[in-house]
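Work out the full structure: start from the sequences and follow the hints.
Numbered per our numbering, the sequence shown spans residues 7 to 200.
Any given hint could turn out to be false.
Said to hold, decoys possible - If you anchor each label on the Cβ, the simulated ranges turn out as follows:
1) Gln12 / Asp43: 10 to 20 angstroms
2) Val20 / Pro133: 32 to 42 angstroms
3) Gly50 / Gly177: 19 to 29 angstroms
Said to hold, decoys possible - Okay, derived cross-link-like pairs now, EDC-like style, lysine to aspartate or glutamate, Cα gap no bigger than 20 angstroms in a straight line:
4) Lys127 / Asp115
5) Lys165 / Asp115
6) Lys127 / Glu164
7) Lys127 / Asp163
8) Lys181 / Asp40
9) Lys181 / Asp159
10) Lys181 / Asp163
11) Lys71 / Asp56
Worth flagging that the hints you see were computed from the coordinates, not collected in a lab.
Everything numeric in this text was worked out from a predicted model, so none of it was measured.
C-beta: ideal position from N, C-alpha, C; glycine also.
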Amino acid sequence: YCRQRQLLVLGNRVPVLAPDAWVAPNAVIIGDVDIFDQVSIWYGAILRGDLNAIRIGAYSNIQDKSILHAARTSPTGLPASTTIGRYVTIGQGCLLRSATVENECIIGDRSILMEGSLVEKQSVLAPGTVLPPGRLVPSGQLWAGNPARYVRDLTKDEKEEIQAIATGVFGTIDKHFSEFLPHSFAYVETEKVR
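Below, the structure written as structure tokens:
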């Protein structure tokens, strides 16, 4: 039995989840966080909307142990909120602080996106990429390294695959969801016997 709270309200900052969004039992969503349709928040992820807003677009996924938070203000003068577009995959162990990721992007495992960084649509960051404050990744490109550098343009097939990857991740939650019903899985097994 896990007594950890998934959703925490801070003053007037209230998390809002779509009815079909899935949040792992040990993930934590704090404050001003909006989660749209068919988003999945995986094990150990933390979304801290205590200082500013976080928005997660439909069909996106935040994978295991990733942390998203937002600064009160941004030194770059850009919005201090953290915004994730539609069909975005944020890999395991990532850190995003006051960053914007547009639609159909992949952020590789253990990547770091600092204040004011912007990843434009249909772009990919390789695992372990560090995006410094205010850095722009143009649409349709692959970037990698610390600090992040341009590697190459994505092919048409790679761009089309981004959306399929995001929807595929949501398709895997069925088994996880049935394990964490409010009354435990034993309740479902008992009903089958009746």
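Outcome of the hint check:
Between glutamine 12 and aspartate 43 the beta carbon distance is about 18 angstroms. The supplied range of 10 to 20 angstroms therefore holds. Checking the proposed 32 to 42 angstroms range against valine 20 and proline 133 shows it holds: the Cβ atoms sit about 34 angstroms from each other. Evaluation of the 19 to 29 angstroms hint for glycine 50 and glycine 177 yields a pass: the beta carbon distance comes to about 21 angstroms. The suggested pairing of lysine 127 with aspartate 115 holds, with an alpha-carbon distance near 18 angstroms, which does not exceed 20 angstroms.
Only pairs whose Cα atoms come within 20 angstroms are accepted, and lysine 165 paired with aspartate 115 is accepted, the gap being roughly 19 angstroms. Restraint check for lysine 127 and glutamate 164: satisfied, since their Cα atoms lie roughly 13 angstroms apart, inside the 20 angstroms limit. A distance of roughly 15 angstroms separates the Cα atoms of lysine 127 and aspartate 163; the hinted pair therefore holds under the 20 angstroms criterion. A distance of roughly 25 angstroms separates the Cα atoms of lysine 181 and aspartate 40; the hinted pair therefore is violated under the 20 angstroms criterion.
A hinted pair counts as satisfied when its Cα atoms are at most 20 angstroms apart, and lysine 181 with aspartate 159 does not qualify at roughly 36 angstroms. Distance hint between lysine 181 and aspartate 163 is unfulfilled; the C-alpha atoms sit about 30 angstroms from each other, more than 20 angstroms. For the hint pairing lysine 71 with aspartate 56, the CA-to-CA distance comes to about 18 angstroms; that is within 20 angstroms, so the pair holds.
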